[in-house]
Amino acid sequence: MFKFLKRFRKKSPWILHYNTGSCNGCDIEIYACLAPKYDIERFGMLNKGNPKQADILLVTGPVTKRARARLLRIYMQMPEPKVVVAVGACACTGGVFRHMYNVENGVDRYIPVDVYIPGCAARPENIIAGIEKAIEIWEQKSRDRLELPKVCTKTLDGKQPIDRRQIVEELVGKYTEKLNPEELL
Amino acid sequence: MKTLLLVLAILAPLLGGVIYGLERKVKARMQNRMGPPILQPFYDFFKLADKRPLQVHSFHSLMGIAFFLAAWFAVFSLMVGPNLLVAIFLHVLALLFITAGGFSVKSPYSVMGALRELAHILAAEPILVFAVVGLYLASGSWNVIDILHSEPPPLLKMPLVFAVLLLTLPILLKKSPFDISEAHQEIIGGWEIEFSGIYYEAVYTAKWLEYIFVYFIIFLFGGANYLLGLGLVLLAFLFVALIDNSTTRLTIHHMVKFSLGVLLPLAAFNVFWVALWGH
Chain A
291 MFKFLKRFRK KSPWILHYNT GSCNGCDIEI YACLAPKYDI ERFGMLNKGN PKQADILLVT
351 GPVTKRARAR LLRIYMQMPE PKVVVAVGAC ACTGGVFRHM YNVENGVDRY IPVDVYIPGC
411 AARPENIIAG IEKAIEIWEQ KSRDRLELPK VCTKTLDGKQ PIDRRQIVEE LVGKYTEKLN
471 PEELL
Chain B
827 MKTLLLVLAI LAPLLGGVIY GLERKVKARM QNRMGPPILQ PFYDFFKLAD KRPLQVHSFH
887 SLMGIAFFLA AWFAVFSLMV GPNLLVAIFL HVLALLFITA GGFSVKSPYS VMGALRELAH
947 ILAAEPILVF AVVGLYLASG SWNVIDILHS EPPPLLKMPL VFAVLLLTLP ILLKKSPFDI
1007 SEAHQEIIGG WEIEFSGIYY EAVYTAKWLE YIFVYFIIFL FGGANYLLGL GLVLLAFLFV
1067 ALIDNSTTRL TIHHMVKFSL GVLLPLAAFN VFWVALWGH
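If you're matching them up, the sequences are chains A and B in order.
When you line the first sequence up against the working numbering, it's residues 291 to 475, in that order.
When you line the second sequence up against the working numbering, it's residues 827 to 1105, in that order.
By construction, these hints were calculated from the structure, which means they are not laboratory data.
Hints are not guaranteed to be accurate.
Below, simulated EDC-like cross-link-like pairs (lysine to aspartate or glutamate); rule was C-alpha separation at most 20 Å, straight line [as the list claims (entries may be wrong)]:
| id | chain 1 | residue 1 | chain 2 | residue 2 |
| --- | --- | --- | --- | --- |
| 1 | A | 338 | B | 1012 |
| 2 | A | 338 | A | 370 |
| 3 | A | 296 | A | 394 |
| 4 | B | 851 | A | 329 |
| 5 | A | 327 | A | 415 |
| 6 | B | 853 | A | 429 |
| 7 | B | 1083 | B | 951 |
| 8 | B | 1001 | B | 951 |
| 9 | A | 296 | A | 426 |
| 10 | B | 828 | B | 972 |
| 11 | A | 338 | B | 1008 |
| 12 | A | 296 | A | 415 |
Per the computed footprint, the stretches of chain A lying under chain B, defined by three or more beta-carbons under 8 Å from a beta-carbon of chain B, are [stated by the list, open to error]:
| id | stretch |
| --- | --- |
| 13 | 323-334 |
| 14 | 363-373 |
These stretches of chain B come out as covered by chain A in the derived footprint (C-beta under 8 Å, 3 or more residues) [to be verified]:
| id | stretch |
| --- | --- |
| 15 | 902-909 |
| 16 | 1022-1029 |
Even for Gly, the Cβ is constructed at its ideal location relative to N, Cα and C.
Using the sequences and the hints given, assemble the complete structure.
This is the structure:
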C-alpha cells in the first residue's frame, strides 16, 4: 500500500522556506524559482508556509543564535518523511560569517541536512538541481525513520504556564545527542 | 436525469479535483508559466496519504472530517435532494464545523482564520440564499429537476442575481481579492494550519467539493438550456481565475461592506422586482 503511495512523492514536493538570518540573496533566488522564468510549480512544487504540510525544508543563512531555536522547532513540526536542503554558502558552512560571535556556522550543527547547495547566492538552476537530488533522497526515506521526541508527557491543566524555552532546550539536547556532537565540532 | 445527477454527486470529489487542477493550469498560463499537470491535485492527495499525521487533539481532526462530509452532503442535497434551501443550510453547517475546529486549537493563526471564516459566512451566505430564492421565483420550484426543465432560463429573469453571484464567487471559493480567511503567507492558511497528513487531506478535498457546489448553482441559471448553463460555468471559471491573478488581498471590512452594502441590495432588488411585478 505504502509502496504504491511512495510513487507520488516525486510529483508533489511541497517546500517550506526558512531564513536563519541570511542576507536575503538566496531568498531572492528561491523566489526567482517560483516566478514565471523558472516556474518550479510545473514539477508540482508549492511554497507552503506551513511546516505541518511541507516535505522539503529549504534553509538559507548561517544559523544565528536567535534563529536556532526556531529552526529546531520548525524542523520538529514537520511530519516524516522530510528532507532538509541547505541553500547557499552560509547555510552549508557559515560562509563569510563563519566564526563570528553570533553565528553557529551552518545548519548541520543542529539538524540533519540531506543536500548542500553551494553558491553565494545559490543560482536558481542549482536550487532546482538540489531539490531534484533531495527528492531522490526523500523517496528512500520511510515515514517512521526518526522517532520524534514526545514533549507533552504529562497532561496540561491550563493553570501552569508552559515554559517554551525549556521545552526547546530539552529538544536541542535530544537532537544534538542524536547527531553525535563530537563529530561536528 | 435523476440517475445522472446521483452519479455526479457521488463522483463530485473526483470532478472537483479535476476542476481545481484545471484552475491551477489556467492561472499559470495566464501568468505565462507552464503550470502543474491537470492531475496535480490527485498526486498531492496520494502524497499526503503517505505523510505521518500529527494531531493536535481528536476533536480538531474530527471537525476536519466533518467539514468534508457535510460539504459532500451539501453537494448531494443540491443535486438529488428535494430542496435547494437545505443544500445552502448544509453548506453553512460545513463551514461552521471547520470554524469550530479552527477555534478549538491554541494557534493564533487558526483562531484568526476561524474568525475571518465567520465574516466569509456573513458576507456570502445571504447572497447564496437570494440566488436560490431567485431560482425558485424564475422556475416555480425548489427542486433541481424542475429547475433543469424550466423553459425560459432563470438567467433572463434574474440577470442581476447572476451578476451578483459572479462577484460573490471569490468570497465563496476564497480567491484573491477575498482570500482573507486562508491568506497564504499572511496567516498561513488560517484554520487549515494545524491539519496534517490524512486529516489535511479531508480539508483539501472538501475545498474541491466547494467548487462543484458553487459551479452547479451557476449551472442552474441556464435552466433547460444546458449549453447556456455550461457557458455560464465557463465564464464564471475564467472570471474567477482572472480576478484571482490580477488583484491583491483586501481587508475583512472591505469584503463585508462590499457584500452587504452593494451586492445584497442589488440581488434583493432583482428578487423583489420579480416577486412583485414579474408576472
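- Between residue 1083 (chain B) and residue 951 (chain B), is the straight-line Cα distance small enough, at 20 Å or below? Holds, at about 14 Å.
- Message: Three residues or more, CB to CB closer than 8 Å: is that satisfied between the stretch 363-373 of chain A and chain B?
- Response: holds (count 4)
- Task: Would you mind confirming whether the straight-line C-alpha gap from residue 296 (chain A) to residue 394 (chain A) stays at or under 20 Å?
- Result: Distance ~35 Å between residue 296 (chain A) and residue 394 (chain A) Cα, so the pair is violated.
- Has the given pair, residue 1001 (chain B) with residue 951 (chain B), been kept, meaning a C-alpha gap of at most 20 Å? Distance ~16 Å between residue 1001 (chain B) and residue 951 (chain B) Cα, so the pair holds.
- Query: Does the alpha-carbon distance linking residue 853 (chain B) and residue 429 (chain A) stay inside the 20 Å limit?
  - Reply: Not satisfied, since the Cα-Cα distance of roughly 29 Å exceeds 20 Å.
- Assertion that chain A covers the stretch 1022-1029 of chain B - criterion: three or more residues, beta-carbon distance below 8 Å: holds (count 3)
- Message: So if I understand the rule, the pair passes when the alpha-carbon distance is 20 Å or less; does residue 338 (chain A) with residue 1008 (chain B) pass?
- Response: Holds: residue 338 (chain A) and residue 1008 (chain B) sit about 12 Å apart, inside 20 Å.
- Query: Is residue 851 (chain B) close enough to residue 329 (chain A), meaning Cα to Cα at most 20 Å?
  - Reply: With Cα atoms ~12 Å apart, residue 851 (chain B) and residue 329 (chain A) stay inside 20 Å; holds.
- Message: Check whether the Cα positions of residue 338 (chain A) and residue 370 (chain A) lie no farther apart than 20 Å.
- Response: Judged against 20 Å, a Cα distance of about 16 Å means the pair holds.
- Task: Take the C-alpha atoms of residue 296 (chain A) and residue 415 (chain A), compute the straight-line distance between them, and say whether it is at most 20 Å.
- Result: This hinted pair is violated, its Cα atoms lying about 26 Å apart.
- Given the hint that residue 327 (chain A) pairs with residue 415 (chain A), test it: the Cα-Cα distance must not exceed 20 Å. Distance ~11 Å between residue 327 (chain A) and residue 415 (chain A) Cα, so the pair holds.
- Do three or more residues of the stretch 323-334 of chain A come closer than 8 Å to chain B, measuring C-beta to C-beta? With 6 residues close enough to chain B, the hint holds.
Of the numbered hints given earlier, the model fails hints 3, 6, 12, 15; all others are met.
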